[in-house]
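S.K.: Each chain is listed here by its residues.
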Amino acid sequence: MERNLMKGNEALAEAAIRAGCKCFFGYPITPQTELAAYMAKRMHKAGGVFLQAESEIAAINMVLGAASTGVRAMTSSSSPGISLKSEGVSYIAGSDLPAVIINVERGGPGLGGIQPSQADYWQATKALGHGDFQLLVYAPASVQEMVDAVVTAFDRADKYRMPAMILADGMLGQMMEPVEFPEINPNAYDKSGWATDGHKFKREHHIINSLYLKPDELEKSITDRYKKYDIIKETETDAELYLTEDCDILVCAFGATARVVKSAVNAARAEGIKAGLFRPKTLWPFPVKEINEAAKSAKKLLSVEMSMGQMIEDVKLAINCSKPVEFFGRTGGVIPTPAEVLGEIKRMGGTL
Amino acid sequence: MAVVFERPKSLIDIPTHYCPGCTHGIVHRILCEVIDEMGIEGDTIGVCPVGCSVMAYDYFNCDMIEAAHGRAPAVATGVKRTNPDKYVFTYQGDGDLAAIGTAETVHSATRGENIVVIFINNTIYGMTGGQMAPTTLPGQVTQTTPFGRSPQLAGYPVKVCEMLSQLTGTAYAERVAVDTVPHINAAKKAIRKAFENQKAGKGFSIVEVLSTCPTNWGLAPADAIKRLQDEMIPYYPLGVYKDVEEGVFANAEGGNE
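Those protein sequence lines, which keep their order, are chains A and B.
Adding 3 to a residue's 1-based position in the first sequence gives its number in our numbering.
Adding 494 to a residue's 1-based position in the second sequence gives its number in our numbering.
Just so you know, the hints here were simulated from the structure itself, not pulled from any lab data.
Beta carbons are placed, not taken as given, at the ideal position from N, Cα and C, and that holds for glycine.
Certain hints may be false.
Below are the EDC-like pairs computed for lysine to aspartate or glutamate, each with C-alpha atoms no more than 20 Å apart in a straight line [to be verified]:
1. 205/A <-> 552/B
2. 205/A <-> 507/B
3. 205/A <-> 537/B
4. 203/A <-> 531/B
5. 203/A <-> 537/B
6. 217/A <-> 552/B
7. 205/A <-> 579/B
8. 25/A <-> 200/A
9. 693/B <-> 527/B
10. 203/A <-> 552/B
11. 203/A <-> 579/B
12. 194/A <-> 579/B
Chain A stretches covered by chain B per the calculated footprint, using a threshold of three residues with CB under 8 Å from any CB of chain B [said to hold, decoys possible]:
13. 4–14
14. 22–32
15. 56–62
16. 89–95
17. 208–215
Could you put together the complete structure from these sequences and hints?
M.R.: In structure tokens:
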């Protein structure tokens with residue numbers, strides 16, 4: 004297989020096109036701009052649609068329109084832009100539409116900064132929009148994993164008729180790494196039962212809608228969706244467990260931060276401290292079984308994030324607060340160093 | 495016995511939720527007559543707004559999408575760009591199109607998006623119980639302008655056809671009314687023209703329909719029609735504001751992918 008040296012943002016775009024994405028609607032924002040620029044160059048030749056929208060709000064609603072007709076559709080942005088998209092994401096979820104949204108996170112709140120961050124964890128996993136709903140959230144840690152995550156996201160979005168997000172960050176989006184594009188033969192999902200692509204007088208008219216004025220009908224639409232979520236929680240979790248079999252200290256981290264943590268874990272092992280890494284690759288659903296497996300021998304857990312501590316809540320919930328969970332993070336665009344994380348591990352190791 | 499008048503096939507035969515005297519029903523009917531006459535129901539996708547016509551998806555027999563408030567032109571853009579051979583229309587009220595959705599309206603027009611926009615201007619927010627709309631007339635009493643709309647306080651109404659006619663991407667903008675039979679016939683003709691424009695790929699077409707809201711105006715239906723004639727038409731003159739016969743891209747310069 005051919006190996007290409009590619010920037011993360013461009014690899015995301017290329018993977019989407021290869022995964023059968025037929026349209027991209029976006030709005031410029033740092034640090035994801037290369038993604039849209041790549042789409043502008045490539046999408047037309049690939050027989051698809053690229054359109055720069057007048058706003059993030061318009062872009063996500065264009066995605067909603069295209070997805071309604073059964074076409075694989077995508078948008079991408081960075082943190083402040085994702086906030087603007089949240090209305091549309093809620094409508095997409097409430098209308099049971101598949102779509103892929105990429106967030107190449109930067110520091111917040113407000114305009115924040117343009118350096119890498121993971122402070123949109125809560126937004127992505129708990130509340131990307133109003134109402135009861137979830138979206139699938141994938142957290143790749145390398146350019147290659149971003150490619151794989153895009154392919155999976157399109158597939159699962161179609162399979163479950165729901166929005167899927169790639170939660171990347173400015174570091175992953177901007178870094179260049181060797182990447183291979185697997186042979187992709189996207190699963191064909193039959194959308195003829197719901198897509199609004201013109202009935203041709205051959206079927207009843209289809210309606211894409213999220214409005215239910217009768218509370219019992221709205222409740223049923225939500226509880227039906229939550230039954231689907233239950234299946235997803237059982238079947239779609241994914242995580243990497245690294246040196247966890249005998250670990251005393253289990254460090255939990257996702258995305259680019261997990262690579263920093265892996266270096267720190269290796270350094271701790273070299274110093275005789277039994278550290279391990281738990282890295283969720285799906286943030287929703289959170290890999291509950293996997294973290295409990297990883298934490299079996301652990302005496303303490305440490306959550307390392309590029310935020311003030313957001314995933315740590317899911318870590319505590321997942322292990323039912325059965326062990327102490329500590330936190331180390333840098334935020335605002337500051338990337339934690341392996342030395343800093345090693346220092347935390349050693350500090351915790353000293354008090355075991 | 496020969497049938498000389500019947501319900502359009504693309505208008506589903508169920509009671510609507512509209513108030514007595516509301517003119518949405520007239521506009522629904524003439525829109526569906528056009529869809530029937532062109533034989534395009536099977537190739538048409540409509541996009542509903544948030545507002546009184548939010549549930550129009552239950553009335554039109556073509557495929558329908560319910561958009562977020564103001565976003566119908568963006569949703570329609572997503573549909574049309576990926577299905578250029580289909581007919582796509584939005585059906586929007588004044589708050590939806592000219593307040594919260596102004597950006598979507600202006601930019602779909604300036605892109606020359608090849609869609610039809612049916613714009614219901616009744617100078618008020620109907621669904622939420624009669625608040626000031628972007629098209630509420632100066633002096634008009636609403637729930638949120640209890641002493642009459644003061645331009646000093648609440649600004650001036652948006653004249654949508656006048657505004658959009660300034661954009662190169664707008665192929666066709668006409669303001670019509672549904673107060674009399676001749677006006678209704680003219681309104682239908684305008685809607686037909688808008689769909690024919692889409693068929694010919696001419697660009698963005700909007701038909702602004704001056705309509706009534708007896709309930710929130712606090713008027714009997716006949717008095718509401720009279721208000722439309724006496725107060726609205728003078729402020730919002732009827733007529734064709736833009737009509738680019740050759741289509742908006744006939745002389746387009748620049749890259750053609």
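S.K.: Each hint should be assessed against the structure and marked as holding or not.
M.R.: Each hint, compared with the structure:
| no. | hint | verdict |
| --- | --- | --- |
| 1 | 205/A <-> 552/B | holds, 18 Å |
| 2 | 205/A <-> 507/B | holds, 19 Å |
| 3 | 205/A <-> 537/B | holds, 11 Å |
| 4 | 203/A <-> 531/B | holds, 15 Å |
| 5 | 203/A <-> 537/B | holds, 6 Å |
| 6 | 217/A <-> 552/B | holds, 15 Å |
| 7 | 205/A <-> 579/B | holds, 17 Å |
| 8 | 25/A <-> 200/A | holds, 15 Å |
| 9 | 693/B <-> 527/B | holds, 17 Å |
| 10 | 203/A <-> 552/B | holds, 18 Å |
| 11 | 203/A <-> 579/B | holds, 12 Å |
| 12 | 194/A <-> 579/B | holds, 19 Å |
| 13 | 4–14 | violated (count 0) |
| 14 | 22–32 | holds (count 3) |
| 15 | 56–62 | holds (count 6) |
| 16 | 89–95 | holds (count 3) |
| 17 | 208–215 | holds (count 7) |
Hint 13 alone, counting from the list given before, is not met by this structure.
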